[in-house]
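Trainee: As a plain string of letters, each chain reads:
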Amino acid sequence: MTDILYTEQHEWVRIEGETASAGISKYAAEQLGDVVYVELPELGRTVEAAEEVAVVESVKAASEVYAPIGGEVIEVNAALGDAPEIVNQDAEGAGWFFKLKVDNTPATENLMDAEAYRKHIEGLG
Amino acid sequence: MKTSHMSSVAMETPEEVHMKPTYSGNKALAQEEKLIFELGDMAKTGVDLAEPAPIPSRLAEFERTDPIGLPGLTEPEAVRHYVRLSQTNYSIDTGMYPLGSCTMKHNPRLNEKMARLPGFADIHPLQPQQTVQGALELIDALAEGLKALTGMPAIAMSPRAGAHGELCGIMAIRAALEARGDARKTVLVPESAHGTNPATAAQCGYAVDIIPSSADGRVDVAALKAKLDHDVAAIMLTNPNTCGLFERDIIDVAEAVHAAGALFYCDGANFNALIGKVRPGDLGIDAMHINLHKTFSTPHGGGGPGAGPVVLSSALAPFAPLPYVVHGPDGWRLIENHDEAGDQADDAAPFGRLTAFHGQMGMYVRAYAYMLSHGSDGLRQVAEDAVLSANYVMASLQDVMSAPYAGPCMHEVLFDETFLDGTGISTLDFAKAMIDEGFHPMTMYFPLVVHGAMLIEPTESESKESLDQFIASMRFLVLAAKNGDVKRFKSAPQFAPRARLDETAAARKPVLRWHPN
Amino acid sequence: MRYLPLMAQDRTEMLRTIGAKQIDDLFKDVPPEARLEGLIDMPRGQGELEVERALTNMAANNIAAGSVPFFIGAGAYRHHIPASVDHLIQRSEFLTSYTPYQPEISQGTLQYLFEFQTQVALITGMDVANASLYDGSTACGEAVTMAHRITKRRKAILSGSLHPQYQEVVRTLAKYDGFDVSVSADRLSGTESLLELIDQHTSCVVVQVPNFFGTVEDLSKVSQAVHAQGALLVVIVPEIVSLGLIRPPGDFGADIVACEGQSLGVGLNFGGPYLGLFATRQKYVRHMPGRLCGATTDVQGRPGYVLTLSTREQHIRREKATSNICTNSGLCSLAWTIHMTLLGEKGYRQLARLNHQIAVQLADDLSSLKGVELLTPVFFNEFTLRLPRPAGPVVDALAEKGVLGGMPASRLMAHDGAMENLLIVAATETNTQSDIAAFRSALGQVLS
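From first to last, the protein sequence lines stand for chains Z, R and H.
For the first sequence, counting from 1, position 119 maps to 119 in my numbering; every step adds exactly one.
Take any residue in the second sequence, count from 1 to its spot, add 125: that is its number in my numbering.
Take any residue in the third sequence, count from 1 to its spot, add 642: that is its number in my numbering.
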């Protein structure tokens, strides 16, 4: 298993071979508050890195979620439909949003590792 | 067999009886009320209609045969149901309703009486025009008054609400630009704007570009000017703005906007601060909607209906939508289609139609009665008293609360939640504690440009005694917050018909209608 | 001024507290050249008596529908409203409250909205309804843009028998929102030309029931064709009383239903305020415009109601909102739900039957006149007649005789020469036998 990587907009991605799973960071979930709904992408859709791909909603806010890397959507987390609270409980695990089929060397130079992301969040005060 | 109430009381254990404040759940004047679906019966009705004659139906296979499931109530039951429901609502008539941006002023009852005259309430929009001359005269008279008050040459009366008026204004702007062969792509909107502004621009096919606010709570003029290029169709600016401040540089902004070939839409939600004192037409705007349910006192009615006529500059006047009223030798005439518009004026090029029929007549009657009652002197006094009251609240609270921007404010005053720092109490908690004090909370968390915004608009309808009681209550709450009385805020409201409601559960598993079990 | 509580002395004291010398100090941010020196050019304030006199005089220059035999419909219908409706909606707590943003002190408004949404869903045969829109025509426009969001297509087809002004509202939106609209050639009845227009790019097909000319017809073929192409069926119901007698749109596959609710509780009001009813399937809820009320509980476990799914709306979603709508038609939805509760199933059905029966009698009576032909044999409470000469002057002549006898189709469809002799006539429970006799007699005289 490879390490988890983050975007500046608080998405995470974990790349395992040709499959990458993605969601929003624990920090983002905390900032959003109680998640009430997640709008997931259609299966089979091909997305570019940084393309808007999902929406996550709390009672009073809606945030667009951008694809951390490009690829084809091959699976979405159907469990979030009935239980969006999973995002609050385990944002970077069971609360994943979607999986992408990616090529072997996806572009990750714009992504941060956990330590860099921790510093990024601190910088946001 | 039905169990009588007496015997069910007897079935409660002594402990339960001790614990329950009342058996019924009611508390004197506070009555719990079930849904009509639990109270009513499909066989019951509150109307006595004539029995239809046995004439064969012409509907053949299109007749509805399955039960619909509608409960009915007799008149006494229905009256009690709705009166009980009404008693769980706060209203302007109950107490001060300082909801910023909403102008919750007194709703004169004369206006209600006038709107119910059969000559206004019981006329059909498609009656022959010679049978509705008085109605057309009223629309025209109100239109003239609104034009005089805003200093603008033209008006579109038909928009049914403020946001509908915005749509009208931006459509007129786009029509005017396209008529001169100048398609543009962007509408500039300040970050402090009402959400309707960007939503409207998007609905009219424009990209939205956000202008930042400056440190004094006004639009950043330099940033605005930097964005003015050939792709900018319009700017949408609220004045006074949503921070309750007059945009000092507005004339300069208007000139820059026009120099760039763009047009100026002003969101008129806050016109109450200016009525009779400043004519928006003198500020260089091209279009502005007037919320008759704010400035002109037509009742908010729990969320509508409103009305949003839009005044237009001469650049936009030819593009005003259908229908409109004109006055000629034979009286008043309603222009309902494009051909008639062309016959009437050479340059008329209505951009289309926003709604069936002619707009919110019921609101026009009320607004016109309000305009006549106040007159030129009274309307100016409205603005002065509204601005005076807001500044009085500001002056009386700014030593204990935190106003992010220096005064004077206009008709509403903005505080942020800095004064609650370290107390563990949020703007939301503070608002809910105001409910326990007998006030409707101010607008919270809007505008978005300050943290934990509290936007207070007292309006001109409050007496000094009422303002003083509000101020004293606010000071009491601030003191309670600073003294660490967190429980008062976190458990608020304690004295309302309901305590805080679980909005998360409501959104996660939406239950939007009643279902039989 | 009777509406302004501040006294001169109050104003002086308040200015002192503020630290301002005079009121104009508070307006110092207004550029000097924009400050008005004198008063606006309009009369000074007047007392109740004077205002009432002025407005009563204006009202007297209109012929109230209730004062004459009255038979106009075309999207607005005159029905009897029980006295208690107007009494109840004038309760201060309903009349003078705002949108229920503070649910703890707005349960009255929220509970009736929940009841209203349920009633609307039941009569339309749909899963869910919102808390109302401005009116039927704007609801129709919102239905079309909602269909675009769902299907991600941008080509709407309108039936030619949809109310002409509703068509215009959609066309206006189309021009600025950038979608395609085509209108079928169908008029009084039939859907053949509509069926031909449907293809794989169609987002939605908009049909009206009963249609603009009064016809009630079989829409199952349209429904099948629409769904076969992955498009949505939008059904418009301008006369809501009709659903007490005819099959609901949900029965024949409607995906979105938009209605004018004015018939119940609201009154004619010369065209507004009216009431847009809007219902859809459960799966499309998050694409809906307008406010929605939902059930929940408070922290003490008591049932209660809140506005919900607000992330669709402009105050949160801004330029990405499902609609720019903010104000709805709150008090009209209250009037509607009270009227519907008073009717109940029994009254609603009986009212609908009564309307149909009176209209049938009127249609038979009028079409027995020489040269008058009933063109819409299957109708609810409105039908179209062909007269032996242009209907416009006939309607004016009828008005001269004190009868408001229908609407000439040419008023709203001036471009279509085939409309010239057509008269659209509506009847409701408010029409008496003597009204019908007066209409028949006057029409006979005018045509002779």
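Hints were generated in silico from the structure; no laboratory data involved.
If you're wondering where the values come from, they're calculated on a predicted model, not measured in any experiment.
Glycine included, every Cβ here is placed at the ideal spot set by N, Cα and C.
Please note that a few of the clues may not be correct.
To be verified - Coverage of chain H stretches by chain R, computed from C-beta distances (three or more under 8 Å per stretch; other residues unrestricted): (1) 644-656; (2) 669-681; (3) 772-786; (4) 817-828; (5) 836-847; (6) 1017-1026; (7) 1082-1088.
Trainee: Are the hints correct? Go through all of them and say.
Mentor: These are the hints, each one checked on the structure:
1. Interface restraint, the segment 644-656 of chain H with chain R: holds (10 residues with C-beta to C-beta distance below 8 Å; minimum three).
2. By the rule of at least three residues with a Cβ nearer than 8 Å to a Cβ of chain R, the coverage given for the segment 669-681 of chain H holds, with 10 such residues.
3. Figure legend: the segment 772-786 of chain H, annotated as covered by chain R; annotation consistent (7 residues with Cβ-Cβ distances under 8 Å, at least 3 required).
4. For the segment 817-828 of chain H, the proposed coverage by chain R is satisfied: 4 residues have a C-beta within less than 8 Å of a C-beta in that chain, meeting the threshold of three.
5. Interface restraint, the segment 836-847 of chain H with chain R: violated (0 residues with C-beta to C-beta distance below 8 Å; minimum three).
6. Closer than 8 Å: that is the beta-carbon criterion, and the segment 1017-1026 of chain H has 4 residues meeting it against chain R, so the requirement of 3 holds.
7. Given as covered by chain R, the segment 1082-1088 of chain H fails the check, having 0 residues with a CB less than 8 Å from a CB of that chain where 3 are the minimum.
Violation of the numbered hints given earlier is confined to hints 5 and 7; the remaining hints are satisfied by the structure.
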